[in-house]
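Visitor: Here's the letter readout for the chains.
2 protein chains.
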Amino acid sequence: MKKVAVGVDIGGTNTAIGIVDEMGHVLSKGGISTPSHGNVAVYIQDLSDAINKMITNVKLTNEDIEIVGIGVGAPNGNYYNGTIEFAPNLSFEGVVHVVKLLKEKFPEMDAIALTNDANAAAIGEMIYGGAKDMKNFVMYTLGTGVGSGVVVNGDLVYGHDGFAGECGHTTLVPDGRLCGCGAKGHLEAYCSAPGMKRTAFELLAKYNATDSPLANHTYNDLTSKMIYDAAVAGDKVALEVFELTGHHLGQGIADTIHHLSPEAIFLFGGPLAAGDFIIKPTKASMEAHLLPIFKNKIKLLPSNLDAGDAAIVGASALAWKELDK
Amino acid sequence: MKKVAVGVDIGGTNTAIGIVDEMGHVLSKGGISTPSHGNVAVYIQDLSDAINKMITNVKLTNEDIEIVGIGVGAPNGNYYNGTIEFAPNLSFEGVVHVVKLLKEKFPEMDAIALTNDANAAAIGEMIYGGAKDMKNFVMYTLGTGVGSGVVVNGDLVYGHDGFAGECGHTTLVPDGRLCGCGAKGHLEAYCSAPGMKRTAFELLAKYNATDSPLANHTYNDLTSKMIYDAAVAGDKVALEVFELTGHHLGQGIADTIHHLSPEAIFLFGGPLAAGDFIIKPTKASMEAHLLPIFKNKIKLLPSNLDAGDAAIVGASALAWKELDK
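For the protein sequence lines, the chains are A and B, in the order given. The opening position of the first sequence corresponds to residue 94 in our numbering, with each subsequent residue numbered one higher. The opening position of the second sequence corresponds to residue 94 in our numbering, with each subsequent residue numbered one higher.
Any given hint could be a false lead.
[To be verified] Computed cross-link-like contacts, PhoX-like style, restricted to lysine-lysine with a CA-CA straight-line distance of at most 25 Å: (1) B/K277 <-> A/K388; (2) A/K277 <-> B/K388; (3) B/K277 <-> A/K277; (4) B/K228 <-> A/K277; (5) B/K418 <-> A/K277; (6) A/K277 <-> B/K373; (7) A/K277 <-> B/K376; (8) B/K392 <-> A/K376; (9) B/K277 <-> A/K392; (10) B/K277 <-> A/K390; (11) A/K228 <-> B/K228; (12) B/K277 <-> A/K418.
[Said to hold, decoys possible] Chain B stretches covered by chain A per the calculated footprint, using a threshold of three residues with CB under 8 Å from any CB of chain A: (13) 109-121; (14) 134-145; (15) 247-257; (16) 270-280.
It should be emphasised that the hints constitute simulated quantities derived from the structure, not laboratory data. Please read these numbers as outputs of a predicted model, since none were measured by experiment. Backbone N, C-alpha and C define an ideal beta-carbon position, used for all residues, glycine too.
Make the full structure from the sequences, and use the hints.
Guide: What follows is the structure in structure tokens.
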């Protein structure tokens, strides 16, 4: 009997679903649209149907499998309540009781749990990835926003009301850039993909850099991939974008280290494809901001999870973790 | 049989010792000088003699007592190793194995443990104080420096190598004031008692405030008590010192909340005697820096521990906590 778990990653546009074995291998993956109609009951029915269909398909080629549970990663996911709460990028209003609704559809499963996407990635790193032997680490996920998952003594930290791990909202610059959350100077406003674009446009203006390839794109068109390509081609503006992004990220990571004394910090997400362009300045800035007792001791590592599958693999890991309890 | 624990607080000049019951009442207190001679063996012998003498005295008036253990709070205290490591304000060189040496002197005691002073204060708040019913909270201790103790799921967080809870070294201002640790812009450089003095002198210079009572003190003489007295008398510079100190502290506390989602933040130390002068701007700034999901939910509370005895009471609490394991 081979045990597998279902991983569900609820994004603003799509909901990805995967059947994942205990080694983190994805046996099957698929998905449905995340609806814009806001009807929770219809969505949960569609999701359940899709999961059942995938389970049936997987059983065709893997006869002896047992589904142990479902892990769900979602924006504003609250582990304690099993809810998605006031997620700005989803069409559902207020509080959605995802775990309760899924338990009604799958009463035979012991482990159904939900958390936010960054926490799911951290659990994925712990169950399948580079943090397998670690008890204390923090995962930063860089993308449209910046999320994080905090692990202390081998357990994810949810805090008093389930929302711990919002390291992307550390204030880096007093009265700095407006953050999507409404506050100012948060890390996310500097180190997310849109944050890198903001830095690029500031630098174009600062240097009047008409000869930079970045000067030929509109604000709405410029992507972090274009900044990376320009950096590879030696563009000074693009190189400085990575320098500054790393400088800011290193400052925030140092704050995290001072709080938690982790063994390692893992970095995950699109901007990490730039490798040393982002890792080197982040490491230098992190060390510069640290107390002597922490200097040259904390590992800064790219995530070991496969970028394409990390969201569903991480979500599935939540089910394994739940079974351990 | 009444159970009591010994609390030891090792400071730069004095080592305070107390015999504390399970309710946090100090039955007896005393102390010895923390030596400047750097001789660890002599110091541990003196400390053991003082503890034994106090135990004997307490037994004279409380016949049926049992000493369950010794908790030690010390700068740069490492819980995992039971050591004080490279403490800049103590005369001991390198690593001092305090717990090992005390166990040789008191082989009959089960619970002998050591941590840093801020962690000890947090455990004190949890065992005896305002955090008795809390599982997730953070304690900030404001004094010559700024320390902190982080509690998650009812346990103090030590992290991978025992040094978690250095929230005083969160970077608040990029490239800001020089911190005692050598880095720049750390919270401690703004919100410790010396940090408040630095703010006062900046403001005197900014406003050329010759009519402020603070203008009549040298840099080396000015104390945070003088700033408090001036604020009570309505001095604008002194009032702005508290405003700015609270503004900075609130920014750092918001970072802590984003990491850990605690139920409450406790504040302890000399500057808290100023009450609302410091609490109000701290609270306002904390709320302004928070994500909406955290706003108006996290309690900001003065410590419930008696300021005079908090260090030994907190240290003694470490012994009780150790017994629970």
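Visitor: Compare the structure with each hint and give your call.
Guide: Hints, one by one, checked against the model:
1. Between B/K277 and A/K388 the alpha-carbon distance is near 15 Å, which keeps this suggested pair within the 25 Å criterion.
2. Among the hinted pairs, A/K277 with B/K388 is consistent with the structure: their alpha-carbon atoms are about 15 Å apart, no more than 25 Å.
3. Distance hint between B/K277 and A/K277 is fulfilled; the C-alpha atoms sit about 21 Å from each other, no more than 25 Å.
4. This hinted pair does not check out: B/K228 and A/K277 have alpha carbons roughly 30 Å apart, beyond 25 Å.
5. At roughly 43 Å between alpha-carbon atoms, B/K418 and A/K277 are farther apart than 25 Å, so this suggested pair is violated.
6. Between the alpha carbons of A/K277 and B/K373 the distance comes to roughly 20 Å, so the proposed pair stays at or under 25 Å and holds.
7. Taken as a hint, the A/K277 and B/K376 pair is honoured in the structure, with Cα atoms around 17 Å apart against an allowance of 25 Å.
8. As the CA atoms of B/K392 and A/K376 are separated by approximately 35 Å, the hinted pair breaks the 25 Å bound.
9. A threshold of 25 Å between alpha carbons decides the hint, and for B/K277 with A/K392 the separation of about 22 Å falls inside it, so the pair holds.
10. A hinted pair counts as satisfied when its Cα atoms are at most 25 Å apart, and B/K277 with A/K390 qualifies at roughly 20 Å.
11. Between A/K228 and B/K228 the alpha-carbon distance is near 20 Å, which keeps this suggested pair within the 25 Å criterion.
12. Distance hint between B/K277 and A/K418 is unfulfilled; the C-alpha atoms sit about 43 Å from each other, more than 25 Å.
13. By the rule of at least three residues with a Cβ nearer than 8 Å to a Cβ of chain A, the coverage given for the stretch 109-121 of chain B is violated, with 0 such residues.
14. Remark: the stretch 134-145 of chain B is not confirmed as covered by chain A, as 0 of its residues place a Cβ nearer than 8 Å to a Cβ of that chain, below the required three.
15. Counting residues of the stretch 247-257 of chain B whose beta carbon lies closer than 8 Å to any beta carbon of chain A gives 9, which reaches the threshold of three, so the coverage claim holds.
16. Beta-carbon proximity to chain A at under 8 Å applies to 3 residues in the stretch 270-280 of chain B; the threshold of 3 is reached and the given coverage holds.
The structure shown violates the earlier hints numbered 4, 5, 8, 12, 13 and 14.
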